[in-house]
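Enquirer: The whole structure should be built from the sequences, with the hints applied where relevant.
Chains as they are written, first to last, in this note's numbering: chain A, 98 to 561; chain B, 666 to 946.
Everything labelled a hint here was simulated from the structure, so no lab data went into it.
Cβ coordinates follow ideal geometry from the N, Cα and C atoms, glycine included.
It cannot be assumed that every hint is accurate.
To be verified - Cut-off 30 Å, straight-line C-alpha distance, at most; resulting in silico cross-link-like pairs (DSBU-like, lysine-lysine):
hint, chain 1, residue 1, chain 2, residue 2
1, B, 748, A, 374
2, B, 911, A, 315
3, A, 237, B, 668
4, B, 721, A, 315
5, A, 103, A, 126
6, B, 791, B, 911
7, A, 374, B, 898
8, A, 376, B, 898
What the hints assert, rightly or not - Just some of the chain A residues that point at chain B, by a computed CB distance under 7 Å:
hint, residue
9, 266
10, 302
11, 305
12, 307
13, 311
14, 312
15, 332
16, 333
17, 349
18, 366
19, 371
20, 490
21, 494
22, 552
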Amino acid sequence: MRQRMKMPERLPNERNKDFLQVNIGYTRKQMLEEAKRCLQCKKPFCVEGCPVEINIPKFIKELSDDNPAQAIKIIKQKNNLPAVCGRVCPQESQCEKYCILSRKGESVGIGNLERYSADWAAANAQKKTSPSDINKNGIKIAIIGSGPAGLTAAGDLANMGYEVTVFESLHDIGGVLRYGIPEFRLPLDVLEIEIGNLKSMGIEFILNTLVGRTKTVKELFEEDFKSIFIGTGAGLPVFLGIEGENLNHIYSANEFLVRVNLMRAFDFPNYDTPVYKGKNIVIIGGGNTAMDSARTALRLGASSVKLVYRRTENEMPARKEERLHAQEEGIEFITLTNPVKFIGDEKGFVKAVECIKMELGEPDESGRRRPKKVEGSNFGIEADMAILALGLNPNPVLPSLTEGLNTDSHGYLIIDDNYMTSIPGVFAGGDIVGGDTVIQAMGMGKQAAKRINEYLKNLHPTNN
Amino acid sequence: MFKIILKEELGQNVKSFFIEAADTARNAKAGQFVILRINDKGERIPLTIADTDAQKGLVRIIFQETGKTTYELGTLKEGGYIKDFVGPLGQPTEIENYGNVVAVAGGVGTAEVLPVIKSLRNAGNKVTAVVGARNKDLIILEKELREICDELLFATDDGSYGTKGFVTDILKNIIDKESVNIVYAIGPVPMMMAVANLTKEKNIKTLVSLNPIMVDGTGMCGACRVTVDGKTKFACVEGPEFDAHKVNWTELISRLSLFRDLEKVSLDNYKNNSECKCGRE
Ligand SMILES: Cc1cc2nc3c(=O)[nH]c(=O)nc-3n(C[C@H](O)[C@H](O)[C@H](O)COP(=O)(O)OP(=O)(O)OC[C@H]3O[C@@H](n4cnc5c(N)ncnc54)[C@H](O)[C@@H]3O)c2cc1C
Ligand SMILES: Cc1cc2nc3c(=O)[nH]c(=O)nc-3n(C[C@H](O)[C@H](O)[C@H](O)COP(=O)(O)OP(=O)(O)OC[C@H]3O[C@@H](n4cnc5c(N)ncnc54)[C@H](O)[C@@H]3O)c2cc1C
Ligand code: SF4
Ligand code: FES
Numbered sequence: 098m099r100q101r102m103k104m105p106e107r108l109p110n111e112r113n114k115d116f117l118q119v120n121i122g123y124t125r126k127q128m129l130e131e132a133k134r135c136l137q138c139k140k141p142f143c144v145e146g147c148p149v150e151i152n153i154p155k156f157i158k159e160l161s162d163d164n165p166a167q168a169i170k171i172i173k174q175k176n177n178l179p180a181v182c183g184r185v186c187p188q189e190s191q192c193e194k195y196c197i198l199s200r201k202g203e204s205v206g207i208g209n210l211e212r213y214s215a216d217w218a219a220a221n222a223q224k225k226t227s228p229s230d231i232n233k234n235g236i237k238i239a240i241i242g243s244g245p246a247g248l249t250a251a252g253d254l255a256n257m258g259y260e261v262t263v264f265e266s267l268h269d270i271g272g273v274l275r276y277g278i279p280e281f282r283l284p285l286d287v288l289e290i291e292i293g294n295l296k297s298m299g300i301e302f303i304l305n306t307l308v309g310r311t312k313t314v315k316e317l318f319e320e321d322f323k324s325i326f327i328g329t330g331a332g333l334p335v336f337l338g339i340e341g342e343n344l345n346h347i348y349s350a351n352e353f354l355v356r357v358n359l360m361r362a363f364d365f366p367n368y369d370t371p372v373y374k375g376k377n378i379v380i381i382g383g384g385n386t387a388m389d390s391a392r393t394a395l396r397l398g399a400s401s402v403k404l405v406y407r408r409t410e411n412e413m414p415a416r417k418e419e420r421l422h423a424q425e426e427g428i429e430f431i432t433l434t435n436p437v438k439f440i441g442d443e444k445g446f447v448k449a450v451e452c453i454k455m456e457l458g459e460p461d462e463s464g465r466r467r468p469k470k471v472e473g474s475n476f477g478i479e480a481d482m483a484i485l486a487l488g489l490n491p492n493p494v495l496p497s498l499t500e501g502l503n504t505d506s507h508g509y510l511i512i513d514d515n516y517m518t519s520i521p522g523v524f525a526g527g528d529i530v531g532g533d534t535v536i537q538a539m540g541m542g543k544q545a546a547k548r549i550n551e552y553l554k555n556l557h558p559t560n561n
Numbered sequence: 666m667f668k669i670i671l672k673e674e675l676g677q678n679v680k681s682f683f684i685e686a687a688d689t690a691r692n693a694k695a696g697q698f699v700i701l702r703i704n705d706k707g708e709r710i711p712l713t714i715a716d717t718d719a720q721k722g723l724v725r726i727i728f729q730e731t732g733k734t735t736y737e738l739g740t741l742k743e744g745g746y747i748k749d750f751v752g753p754l755g756q757p758t759e760i761e762n763y764g765n766v767v768a769v770a771g772g773v774g775t776a777e778v779l780p781v782i783k784s785l786r787n788a789g790n791k792v793t794a795v796v797g798a799r800n801k802d803l804i805i806l807e808k809e810l811r812e813i814c815d816e817l818l819f820a821t822d823d824g825s826y827g828t829k830g831f832v833t834d835i836l837k838n839i840i841d842k843e844s845v846n847i848v849y850a851i852g853p854v855p856m857m858m859a860v861a862n863l864t865k866e867k868n869i870k871t872l873v874s875l876n877p878i879m880v881d882g883t884g885m886c887g888a889c890r891v892t893v894d895g896k897t898k899f900a901c902v903e904g905p906e907f908d909a910h911k912v913n914w915t916e917l918i919s920r921l922s923l924f925r926d927l928e929k930v931s932l933d934n935y936k937n938n939s940e941c942k943c944g945r946e
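Expert: This is the structure:
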């Protein structure tokens, strides 16, 4: 079997100093070679692993015939944000995991091929859908939150002819795609192109609107929105609740990434928002958020970045590619270790993190072995900055301000089989109902769009 | 874009804007704030909603020029625009009929206390306002205050107006003489802390409106965290008002100093580049 075509990437020592893309993308030749590896299975397992059910063999076939224009059309039937997914989806645990080739060797580089198709489309300016291409039905739908869940639902509903308005609390569109995932993984112009496509379909974006406060769900119905989709994400950072956690220069990953990505603090004072640029930095956590924070901190000029994680590298939730990239760039992983307290100087600035060694015990509910403290193994790591990347809880603002909108005990919105919340006509998807990747959010956005359409058709059968 | 409908200078370095923001105006309650960003390169800063005109869709903000963003804001003109303006944010003040209320304000806190006093009065309270400033020239909004308070007392550091001394001196007199049901304080942190210490002795319930550094103002970043009663709270969604006797003041003071050096870089940079449009130096 031929080996998988490696994604070309920039050298670690060059890329860890700037925010330009790490992965460069296949050349045409590389793309053709990789696309030809696909066996065109009659029963393609890869598709079963794709949350939005892209017809993978079919788009790859078009690529292998050197026909990216056709390939992107096939992808776009299922996925409005292919340039994003081709970059950030955890393919190794989705489509590529099920690819038949992975049983004997390396799966087809499905994600890399998806990215190729999307980038080709951007470079070759495909004709955009314009509002006049769509048969408008005049029915208004509101989308709350402009992350991948909201954007996907918006795109699909607009395609069906609905008048879609997206409300976003921040001053810019994209959710985590903009404020969380750094540009070296997902460049802004890629995101802007995707958003531009949605705008050209006639979708309206209203920023600076925290639904619940600026406008309520009830008011949206009064403004004649017939159905509402909630995609407000998981935006509540988790803290450890340990001593010294609120010392100066201890950030949540969200604050750090928002300052750098959304507010462009790396370019301070040209941009007004500051961020502290630490020298010796400790990151706590092992997910994508931790990797992104660590690599961003390095790019701001840190001399040492240590990532502290309580289990082993095998259990880290971050994508394998990101873990490898982080290590190549010089991030040191300190595994089986957990912080117990932060130590500050007399002015309240962090100067060290006291940690304890851990060992793995019996598996817990998640199936992963539960880490246990090794008593007496405490040790200190010097640090002038720490970033907590311990995960995110569902954003409670909207549910807490909306009467009748039910959540479970963890704060996730409860939805039924039709993606509908406890309020009739109000649907939800993405991290706010318990998703945790971009593609899951998109998958739920798609499903919800379908159900919203069915719901409205049933309400107004005459409109059919 | 959000239009500046009316601009006023209330005093030295203190300005007031009425801004067109109908949704915010309609839903705002006393104690809430907005976050604004002047332009594409700007920082997001929180400012209290000092007043609203729901009919005309206007929100009033009153701010003191302290750093780059507030100075730049001060240079904007009537008819001009602010790029981003989101609100109302935060929990509204819990308005009840407490009975006898003392509202203590310092500096630009005077603006922030106005809507609270109005609501408290509407709920049937007797409100005494105690306002502090360094000197007479720094007192703002006296006329508005006179209209809405049952009683109004001033303290200046140099005695140029009202009593010479601190607001806490006046407050002490009041609580020694009469029974006060609740104290509401808003202003510089040292002032709020001093009020808290004073009322704690007498066990008088005291609310303060905290002003930690914020970024998003929607509970997403944790920048605004304060320790209250030993627990971490996000001031932007769980506050900004808290029980003054339970706030960890040392931590708040320390966290407010976070970016002091960088903020100075920013302001100096701005003043040098703007050829002193800010009208001082
Ligand atoms: C740093 C980081 C890196 C990640 N890396 C990856 C990765 O490599 N691959 C991957 O698949 N996943 C990754 N994820 C996870 C992925 O980003 C999320 O699962 C996904 O973004 C969830 O999408 P969403 O649409 O549900 O919500 P979000 O992307 O969180 O968007 C929600 C939006 O709603 C807005 N909002 C919230 N409340 C309101 C309100 N009341 N009114 C109006 N607007 C509101 C928010 O401002 C936000 O813009 C990462 C996450 C982070 C934080
Ligand atoms: C909920 C809330 C409501 C507020 N309401 C008002 C208001 O109605 N009117 C008003 O004038 N100000 C108000 N503030 C304070 C205001 O947000 C700050 O003055 C502003 O962010 C300063 O920005 P800057 O860029 O001009 O100054 P910076 O350059 O950021 O700072 C200049 C100086 O101000 C201090 N500072 C920075 N941020 C704050 C802050 N959040 N609170 C106090 N001091 C700070 C800094 O330590 C520094 O010394 C409020 C703050 C909060 C959190
Ligand atoms: S499973 Fe692998 S080889 Fe088979 S069609 Fe899918 S990508 Fe091609
Ligand atoms: S300002 Fe970000 S959580 Fe409060």
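Enquirer: Now look at each hint and say whether the structure bears it out.
Expert: Now for the hints, and whether the structure bears them out:
no.	hint	result
1	B:748 <-> A:374	28 Å, holds
2	B:911 <-> A:315	36 Å, violated
3	A:237 <-> B:668	27 Å, holds
4	B:721 <-> A:315	22 Å, holds
5	A:103 <-> A:126	12 Å, holds
6	B:791 <-> B:911	26 Å, holds
7	A:374 <-> B:898	25 Å, holds
8	A:376 <-> B:898	28 Å, holds
9	266	5 Å, holds
10	302	13 Å, violated
11	305	4 Å, holds
12	307	6 Å, holds
13	311	5 Å, holds
14	312	5 Å, holds
15	332	4 Å, holds
16	333	6 Å, holds
17	349	4 Å, holds
18	366	5 Å, holds
19	371	4 Å, holds
20	490	10 Å, violated
21	494	6 Å, holds
22	552	27 Å, violated
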